[in-house]
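K.L.:
The lines below spell out each chain.
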Amino acid sequence: MKNLIKSTLAFALATSALTGAATAADLRMSWWGGDSRHIATQEALKLCGEKYGHTVAPEFTGFSGYLEKLTTQMAGGTEPDIMQVNWPWLPLFSQDGEGFYDLNSLSETIDLSQWSAEELAATDIKGKLNGLSISTTGRVFFFNTTTMEDAGLPLPTTWEEFFATAAALREKMGEDHYLYNAGLDGARLLATLYMTQKTGQDLVDPDTNRVAWSVEDLTKAIDFYGEMVEKKAMNSIEQEAAAGNQYLYEKRDWASGKIVGSYEWDTTFFKFSDPLDEGEVLTATKPIKFADAVSDGIYRKASMLFAISKNTKNPQAAAQIINCMLNEPEGIDALKDTRGLPASQTAFDRLTDAGMIAPEILEANAIVMAASGPTLSPFNEHPEVMSIFSDTLEEYAYGMIQSDEAAEVIIDGVNKVLKGFDS
Amino acid sequence: MRQRLLGLAYLSPYIIGLLVFTMIPFGVSFYLSFTDYNLMSSPKWSGLSNYIELFTSDRTFRKSLTVTLLYVFITVPLKLAFALFIAYILNYRLRFINFFRTAFYVPSILGGSIAIAVLWRYIFAGEGLVNMMLTGLGFEAVNWFGDPQNALFTITLLRCWQFGSAMVIFLAALQSVDKSLYEAAAIDGASKAHSFIFITIPLITPVIFFNLIMQMVQAFQEFNGPYIITQGGPLKSTYLLPLYIYDEAFKRFDMGYASAIAWVLFVIIMALTLLAFWSSKKWVYYAGDKRN
Chain A
1 MKNLIKSTLA FALATSALTG AATAADLRMS WWGGDSRHIA TQEALKLCGE KYGHTVAPEF
61 TGFSGYLEKL TTQMAGGTEP DIMQVNWPWL PLFSQDGEGF YDLNSLSETI DLSQWSAEEL
121 AATDIKGKLN GLSISTTGRV FFFNTTTMED AGLPLPTTWE EFFATAAALR EKMGEDHYLY
181 NAGLDGARLL ATLYMTQKTG QDLVDPDTNR VAWSVEDLTK AIDFYGEMVE KKAMNSIEQE
241 AAAGNQYLYE KRDWASGKIV GSYEWDTTFF KFSDPLDEGE VLTATKPIKF ADAVSDGIYR
301 KASMLFAISK NTKNPQAAAQ IINCMLNEPE GIDALKDTRG LPASQTAFDR LTDAGMIAPE
361 ILEANAIVMA ASGPTLSPFN EHPEVMSIFS DTLEEYAYGM IQSDEAAEVI IDGVNKVLKG
421 FDS
Chain W
1 MRQRLLGLAY LSPYIIGLLV FTMIPFGVSF YLSFTDYNLM SSPKWSGLSN YIELFTSDRT
61 FRKSLTVTLL YVFITVPLKL AFALFIAYIL NYRLRFINFF RTAFYVPSIL GGSIAIAVLW
121 RYIFAGEGLV NMMLTGLGFE AVNWFGDPQN ALFTITLLRC WQFGSAMVIF LAALQSVDKS
181 LYEAAAIDGA SKAHSFIFIT IPLITPVIFF NLIMQMVQAF QEFNGPYIIT QGGPLKSTYL
241 LPLYIYDEAF KRFDMGYASA IAWVLFVIIM ALTLLAFWSS KKWVYYAGDK RN
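Residue numbers (full-length UniProt numbering), protein chains in the order written: chain A, 1 to 423; chain W, 1 to 292.
Treat the hints with care, as some may be off.
[What the hints assert, rightly or not] Think about it this way: if two alpha-carbon atoms lie no more than 25 Å apart in a straight line, the pair counts; the simulated SDA-like pairs of lysine to any residue are:
(1) A:K69 / W:D147
(2) A:K128 / W:L18
(3) W:K44 / A:G226
(4) A:K258 / A:T352
(5) A:K251 / A:D124
(6) A:K251 / W:P148
(7) A:K258 / W:L39
(8) W:K44 / A:K251
(9) A:K313 / A:L153
(10) A:K251 / W:A115
(11) W:K251 / A:L153
(12) A:K416 / W:S57
(13) A:K251 / W:S57
(14) A:K251 / W:L39
(15) A:K416 / W:T273
(16) A:K232 / W:R4
(17) A:K416 / W:Y51
(18) W:K251 / A:S273
(19) W:K179 / W:N150
(20) A:K251 / A:S273
(21) W:K251 / A:K258
(22) A:K419 / W:D58
(23) A:K69 / W:E140
(24) A:K271 / A:S403
(25) A:K419 / W:L18
(26) A:K69 / W:Q149
(27) W:K63 / W:K179
(28) A:K419 / W:F250
(29) A:K69 / W:P148
(30) A:K416 / W:Q149
(31) A:K69 / W:Y286
(32) A:K251 / W:N150
(33) W:K63 / A:V409
Just so you know, the hints here were simulated from the structure itself, not pulled from any lab data.
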């Protein structure tokens with residue numbers, strides 16, 4: 001009996017000694033998202049934690065306020081071991097590539113071969129792999145095809161057709177019907193779409209780290225937005241603001257099909273289709289283009305990343321958890337498409353083979369992946385750049401400044417921000 | 001000696017909390033206001049540059065400061081007048097008076113919450129309750145949030161709606177006024193309005209003064225309402241200074257500049273508070289006051 005006890009104790013000690021070095025870590029992970037993502041991620045963490053003998057404390061919230069919380073934690077060196085990070089935040093946290101743990105040094109634990117070279121390059125700063133893209137996302141047009149069918153109108157494929165369709169829709173369905181919707185951020189995206197289609201260039205020239213667009217071209221892009229409002233293809237900013245700070249999918253006119261289309265992230269399809277009244281059908285469509293467009297102007301980017309804290313005491317354990325969630329069956333099956341279509345090839349294959357991805361999301365994502373356009377700079381979504389765009393476009397929308405002045409203000413303002421990131 | 005130590009021990013949680021969560025951040029923010037600090041790297045001393053930029057070239061600051069002062073100067077008198085008016089009515093011995101007192105106090109418990117701000121958004125939205133009532137009565141619908149002239153007014157109303165705490169304090173003050181004074185005034189032929197102006201108001205001036213200071217400080221710090229309802233728009237017409245501080249600190253990562261704005265706001269609040277204290281010598285009457 002004594003021998004049995006001794007052997008059991010020796011085995012237990014040996015096992016704990018073996019696992020202690022590489023595993024049995026207490027980790028923290030933070031992310032933002034909605035309920036479905038929260039539930040799936042907690043399940044994935046439980047399964048992956050059990051698989052490797054770690055415990056991972058979840059810290060989750062909605063998108064609003066996440067950046068502020070993470071910033072405070074990063075400033076104080078108290079950030080979680082594993083973090084979900086928005087791709088445009090990379091320059092904020094890791095201007096020199098040193099803001100996060102270099103995942104290249106964990107390549108024995110994380111199977112990096114599941115990502116394309118282009119995807120890895122998007123999260124690489126100065127040779128340091130700052131995070132792993134969870135999915136690639138982009139903007140697509142969503143249209144309420146039921147309203148269009150009721151009006152007997154085909155979906156527009158060019159901007160020239162678009163204006164004619166908008167006029168016909170109002171004539172057939174009533175003055176309260178709008179073919180399109182854009183708030184202040186939507187106005188920025190419209191101007192960007194105009195520019196990327198007409199010039200083939202992104203906002204930022206990567207060679208000079210300055211705005212690539214000319215004042216003349218951006219003036220035309222702003223005028224294009226103005227024309228959309230003037231021809232009543234969409235509500236003005238003033239009309240939009242009447243609802244207060246409210247999302248499109250919360251609006252009654254969207255649910256009833258009076259607002260027919262919008263330009264949204266492919267992965268948000270169900271966020272926009274679910275609130276529609278019964279019988280209303282939403283469809284993702286290919287980019288609407290100008291006749292003389294040099295590209296589709298697709299707004300495509302790495303949607304979000306998993307990154308490891310540079311201050312973590314357990315990089316190997318964090319890497320095991322990330323690899324499990326993104327590349328191993330336990331994590332893939334638990335997370336499904338709660339963060340969009342997986343960028344990891346093995347996860348994508350596994351989920352599509354199992355029919356776990358909704359066909360609507362697959363269809364929307366296929367449009368994004370097939371379309372052409374310049375590589376986007378993360379500065380497109382730098383908070384200060386976005387606020388320069390929205391403040392200036394708002395002044396233009398309220399008739400306080402002309403389009404040429406707005407273009408000049410935007411370009412000067414964005415260049416000032418970019419200058420702060422000169423190496 | 002032992003009793004002193006015991007007293008200090010009892011006080012220590014408060015003193016530690018005051019030091020750690022108030023005094024140290026207070027001092028640090030003053031230092032940071034003279035630095036260029038983006039949170040990710042160490043603060044760099046920049047002297048007065050943040051303050052110089054604020055007062056010479058920052059159009060947003062000027063706009064935000066104007067909006068904030070307008071908001072405070074509209075909200076505080078309106079809220080105090082409304083709170084006093086309701087307290088005066090609730091001071092009468094009416095049927096179900098306790099129910100009404102509770103009901104009028106409820107908004108101030110809920111008022112600062114996110115849920116109420118969201119509800120406010122729906123009430124004043126383009127197709128919200130207020131516009132439904134207006135159009136039902138034959139008036140034109142009003143663009144409450146989209147028109148810069150109206151947006152601040154809706155935010156102001158939200159603040160005024162939270163009059164409950166000021167009302168309760170006024171009610172307590174009204175109840176402490178000696179009834180014999182009213183009886184004497186009535187015998188001398190004073191009307192209710194005269195009694196209110198010449199007896200009630202002077203006797204409750206310490207409470208008016210207290211409420212004035214409290215409401216003014218709180219109004220300068222308003223954040224939830226405009227953040228949730230309008231995000232400071234349109235055209236920054238509801239962009240109060242606390243929103244600007246928040247954006248500079250956590251959206252633009254310029255903690256030094258945000259600290260400078262916070263200190264300007266602090267100085268404004270302090271100056272107005274001192275002004276109120278100075279003026280109080282002329283209009284606030286305390287028990288035992290020897291003035292005529």
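K.L.:
Please go over all the hints and tell whether each is borne out by the structure.
P.N.:
Each hint tested on the structure:
{"no.": "1", "hint": "A:K69 / W:D147", "in the structure": "violated (33 Å)"}
{"no.": "2", "hint": "A:K128 / W:L18", "in the structure": "violated (43 Å)"}
{"no.": "3", "hint": "W:K44 / A:G226", "in the structure": "violated (43 Å)"}
{"no.": "4", "hint": "A:K258 / A:T352", "in the structure": "violated (34 Å)"}
{"no.": "5", "hint": "A:K251 / A:D124", "in the structure": "violated (39 Å)"}
{"no.": "6", "hint": "A:K251 / W:P148", "in the structure": "holds (21 Å)"}
{"no.": "7", "hint": "A:K258 / W:L39", "in the structure": "violated (45 Å)"}
{"no.": "8", "hint": "W:K44 / A:K251", "in the structure": "violated (46 Å)"}
{"no.": "9", "hint": "A:K313 / A:L153", "in the structure": "violated (60 Å)"}
{"no.": "10", "hint": "A:K251 / W:A115", "in the structure": "holds (18 Å)"}
{"no.": "11", "hint": "W:K251 / A:L153", "in the structure": "violated (43 Å)"}
{"no.": "12", "hint": "A:K416 / W:S57", "in the structure": "holds (15 Å)"}
{"no.": "13", "hint": "A:K251 / W:S57", "in the structure": "violated (39 Å)"}
{"no.": "14", "hint": "A:K251 / W:L39", "in the structure": "violated (38 Å)"}
{"no.": "15", "hint": "A:K416 / W:T273", "in the structure": "violated (39 Å)"}
{"no.": "16", "hint": "A:K232 / W:R4", "in the structure": "violated (76 Å)"}
{"no.": "17", "hint": "A:K416 / W:Y51", "in the structure": "holds (19 Å)"}
{"no.": "18", "hint": "W:K251 / A:S273", "in the structure": "violated (31 Å)"}
{"no.": "19", "hint": "W:K179 / W:N150", "in the structure": "violated (43 Å)"}
{"no.": "20", "hint": "A:K251 / A:S273", "in the structure": "holds (12 Å)"}
{"no.": "21", "hint": "W:K251 / A:K258", "in the structure": "violated (34 Å)"}
{"no.": "22", "hint": "A:K419 / W:D58", "in the structure": "holds (19 Å)"}
{"no.": "23", "hint": "A:K69 / W:E140", "in the structure": "violated (44 Å)"}
{"no.": "24", "hint": "A:K271 / A:S403", "in the structure": "violated (33 Å)"}
{"no.": "25", "hint": "A:K419 / W:L18", "in the structure": "violated (41 Å)"}
{"no.": "26", "hint": "A:K69 / W:Q149", "in the structure": "violated (34 Å)"}
{"no.": "27", "hint": "W:K63 / W:K179", "in the structure": "violated (49 Å)"}
{"no.": "28", "hint": "A:K419 / W:F250", "in the structure": "holds (20 Å)"}
{"no.": "29", "hint": "A:K69 / W:P148", "in the structure": "violated (31 Å)"}
{"no.": "30", "hint": "A:K416 / W:Q149", "in the structure": "violated (32 Å)"}
{"no.": "31", "hint": "A:K69 / W:Y286", "in the structure": "violated (47 Å)"}
{"no.": "32", "hint": "A:K251 / W:N150", "in the structure": "holds (21 Å)"}
{"no.": "33", "hint": "W:K63 / A:V409", "in the structure": "holds (18 Å)"}
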